[in-house]
Amino acid sequence: MIVIQPEDFDHGEQYKRLRARCDSDGAIVTFTGLVRDFCHHGRVSTITLEHYPGMAEKSLMQICAQARKRWELGEVTVIHRVGELSAHEQIVFVGVTSKHRQAAFEAAEFIMDYLKTLAPFWKKETTNHGPHWVDAKASDQVAFEKW
Amino acid sequence: MIVIQPEDFDHGEQYKRLRARCDSDGAIVTFTGLVRDFCHHGRVSTITLEHYPGMAEKSLMQICAQARKRWELGEVTVIHRVGELSAHEQIVFVGVTSKHRQAAFEAAEFIMDYLKTLAPFWKKETTNHGPHWVDAKASDQVAFEKW
Amino acid sequence: MIKILFFGQLKERLECADLNLEYAGEHTVVDVVQQLLERGEVWRPLAENDVLVAVNHTICAFDATVRDGDEIAFFPPVTGG
Amino acid sequence: MIKILFFGQLKERLECADLNLEYAGEHTVVDVVQQLLERGEVWRPLAENDVLVAVNHTICAFDATVRDGDEIAFFPPVTGG
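Protein chains in written order, with numbering that gives the first Met the number 0: chain A, 0 to 146; chain B, 0 to 146; chain C, 0 to 80; chain D, 0 to 80.
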């Protein structure tokens with residue numbers, strides 16, 4: 000399931016949904032990304048997430064399809080929020096079920112690493128010193144290339 | 000937080016607790032292990048989890064302390080159930096928060112890999128062909144040795 | 000006709016979210032960029048090194064072929080998640 | 000006196016969950032195992048290759064020293080999680 004929405008999501012409900020559908024799978028891994036309250040420009044009050052409608056959904060679907068080719072997975076959920084979010088709010092959710100814990104861990108991390116480098120979303124942070132676009136991180140490129 | 004208990008746990012509540020305490024951390028990873036309904040002996044109806052009281056808690060604490068030495072972590076939660084559990088029930092929960100997603104992923108996987116090899120818990124499965132003790136898996140030893 | 004979209008900081012710097020361009024034949028993304036650069040100084044950011052391009056929702060190289068009816072998007076490195 | 004505990008399949012095969020042993024001096028886990036093996040055939044599983052031992056809640060090698068008052072546990076490879 001892939002969802003792009005401005006609304007917040009209920010982590011507990013997402014977990015229940017994964018669990019209800021995971022049949023004989025013994026492992027569930029979830030990742031949640033939250034808005035950090037601090038960046039090197041200062042204290043972050045809000046961020047604004049822009050995305051490329053159409054391509055964003057397609058990109059997430061392709062990333063999940065790639066993960067399914069590499070690992071034997073049951074359910075895969077990706078939720079990415081857009082619009083204005085406050086510090087500490089949930090931004091992104093990745094949930095994966097698998098028969099094997101290593102597959103679940105690796106697939107969830109793979110999806111996040113690919114999302115960070117390929118999915119068309121852009122963050123603008125607003126701090127006490129004003130707004131600025133977030134720069135891409137070299138560490139995300141390194142994480143992407145390890146797969 | 001380390002808990003060993005016969006009672007089930009509420010994944011949503013555990014996530015909320017991690018999130019409430021994770022301050023400036025931007026990443027939360029959770030792992031849940033469920034009772035699988037099938038093993039090579041047949042269909043599993045229940046499992047019984049035995050543990051070594053005293054050592055089990057100490058072992059989990061040491062594993063979490065080792066994880067904290069390797070990665071910069073915020074909150075770490077490990078819950079392991081004992082006693083009789085039915086197929087599809089939750090067995091174990093690991094939740095980790097960190098500033099960085101790679102640290103959160105790696106620490107959660109490390110804790111599970113170490114728990115599987117070092118923490119004194121033993122599983123007995125009951126299938127349609129009767130009860131049997133679960134054998135240790137070579138793949139768990141491999142996973143342990145990768146760290 | 001092709002549709003061209005801009006996102007993120009690039010959209011702000013170009014002061015343009017999207018535009019349509021008369022189009023015939025089969026050229027490459029580089030040719031499209033060249034055509035925009037000829038419109039004036041304001042389009043300069045398009046030629047910067049870190050600009051990414053997607054043709055019909057798929058990231059591709061600047062030598063990718065563009066056909067009539069395609070949707071081209073230019074944007075800075077992505078920073079979601 | 001030392002306290003000895005058994006867990007999992009080993010406990011079932013030995014038909015013993017725990018026992019106390021009079022103890023003096025400083026010997027090793029191997030010596031303790033030897034003492035039990037001398038009690039009879041039923042203790043044989045203790046000498047199997049995959050048996051693990053913990054002294055005072057810490058997994059250790061069979062040449063670890065055992066002191067009066069220690070708690071020794073023998074068990075098969077763990078299978079939790």
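Some clues are possibly wrong.
List of simulated lysine to any residue pairs, SDA-like, C-alpha gap at most 25 Å [what the hints assert, rightly or not]:
#	chain 1	residue 1	chain 2	residue 2
1	B	Lys98	A	Asn127
2	D	Lys10	D	Asp62
3	B	Lys123	B	Ser85
4	A	Lys145	B	Gln140
5	C	Lys2	C	Ala63
6	A	Lys57	C	Phe61
7	D	Lys10	B	Gly82
8	B	Lys68	B	Arg20
9	B	Lys98	A	Lys68
10	B	Lys145	A	Ala135
11	A	Lys57	C	Gly39
12	C	Lys10	C	Asp67
13	A	Lys68	C	Leu35
14	A	Lys57	C	Gly68
15	B	Lys15	A	Ala135
16	A	Lys123	C	Glu37
17	A	Lys15	B	Lys136
18	C	Lys2	C	Gly39
19	C	Lys2	A	Lys145
20	A	Lys123	B	Gln101
21	B	Lys68	A	Glu56
22	B	Lys15	A	Phe8
23	A	Lys68	A	Ser44
24	A	Lys98	B	Lys57
25	B	Lys136	B	Lys98
26	C	Lys2	C	Asp69
27	C	Lys10	C	Gln34
28	A	Lys98	B	Phe37
29	A	Lys98	A	Arg67
30	C	Lys10	A	Lys68
31	A	Lys145	B	Lys123
32	A	Lys68	B	Lys145
33	C	Lys10	A	Arg69
34	B	Lys145	D	Lys2
35	A	Lys145	C	Leu51
36	A	Lys15	B	Val141
37	A	Lys98	B	Lys98
38	B	Lys57	D	Lys2
39	A	Lys123	A	Pro52
40	B	Lys98	A	Phe8
Read the hints as simulated data drawn from the structure, not as lab findings.
Predicted model only: the values in this text are computed from it and were never measured.
Evaluation of the provided hints:
no.: 1; hint: B/Lys98 to A/Asn127; verdict: holds, 21 Å
no.: 2; hint: D/Lys10 to D/Asp62; verdict: holds, 22 Å
no.: 3; hint: B/Lys123 to B/Ser85; verdict: holds, 12 Å
no.: 4; hint: A/Lys145 to B/Gln140; verdict: holds, 24 Å
no.: 5; hint: C/Lys2 to C/Ala63; verdict: holds, 16 Å
no.: 6; hint: A/Lys57 to C/Phe61; verdict: holds, 20 Å
no.: 7; hint: D/Lys10 to B/Gly82; verdict: holds, 16 Å
no.: 8; hint: B/Lys68 to B/Arg20; verdict: holds, 20 Å
no.: 9; hint: B/Lys98 to A/Lys68; verdict: violated, 30 Å
no.: 10; hint: B/Lys145 to A/Ala135; verdict: violated, 30 Å
no.: 11; hint: A/Lys57 to C/Gly39; verdict: violated, 33 Å
no.: 12; hint: C/Lys10 to C/Asp67; verdict: holds, 23 Å
no.: 13; hint: A/Lys68 to C/Leu35; verdict: violated, 40 Å
no.: 14; hint: A/Lys57 to C/Gly68; verdict: holds, 19 Å
no.: 15; hint: B/Lys15 to A/Ala135; verdict: violated, 29 Å
no.: 16; hint: A/Lys123 to C/Glu37; verdict: violated, 30 Å
no.: 17; hint: A/Lys15 to B/Lys136; verdict: violated, 29 Å
no.: 18; hint: C/Lys2 to C/Gly39; verdict: holds, 19 Å
no.: 19; hint: C/Lys2 to A/Lys145; verdict: violated, 35 Å
no.: 20; hint: A/Lys123 to B/Gln101; verdict: holds, 23 Å
no.: 21; hint: B/Lys68 to A/Glu56; verdict: violated, 39 Å
no.: 22; hint: B/Lys15 to A/Phe8; verdict: holds, 13 Å
no.: 23; hint: A/Lys68 to A/Ser44; verdict: violated, 40 Å
no.: 24; hint: A/Lys98 to B/Lys57; verdict: violated, 29 Å
no.: 25; hint: B/Lys136 to B/Lys98; verdict: violated, 33 Å
no.: 26; hint: C/Lys2 to C/Asp69; verdict: holds, 7 Å
no.: 27; hint: C/Lys10 to C/Gln34; verdict: holds, 18 Å
no.: 28; hint: A/Lys98 to B/Phe37; verdict: holds, 11 Å
no.: 29; hint: A/Lys98 to A/Arg67; verdict: holds, 13 Å
no.: 30; hint: C/Lys10 to A/Lys68; verdict: violated, 35 Å
no.: 31; hint: A/Lys145 to B/Lys123; verdict: violated, 39 Å
no.: 32; hint: A/Lys68 to B/Lys145; verdict: holds, 24 Å
no.: 33; hint: C/Lys10 to A/Arg69; verdict: violated, 36 Å
no.: 34; hint: B/Lys145 to D/Lys2; verdict: violated, 35 Å
no.: 35; hint: A/Lys145 to C/Leu51; verdict: holds, 21 Å
no.: 36; hint: A/Lys15 to B/Val141; verdict: violated, 31 Å
no.: 37; hint: A/Lys98 to B/Lys98; verdict: violated, 29 Å
no.: 38; hint: B/Lys57 to D/Lys2; verdict: holds, 18 Å
no.: 39; hint: A/Lys123 to A/Pro52; verdict: holds, 17 Å
no.: 40; hint: B/Lys98 to A/Phe8; verdict: holds, 21 Å
Violation of the numbered hints given earlier is confined to hints 9, 10, 11, 13, 15, 16, 17, 19, 21, 23, 24, 25, 30, 31, 33, 34, 36, 37; the remaining hints are satisfied by the structure.
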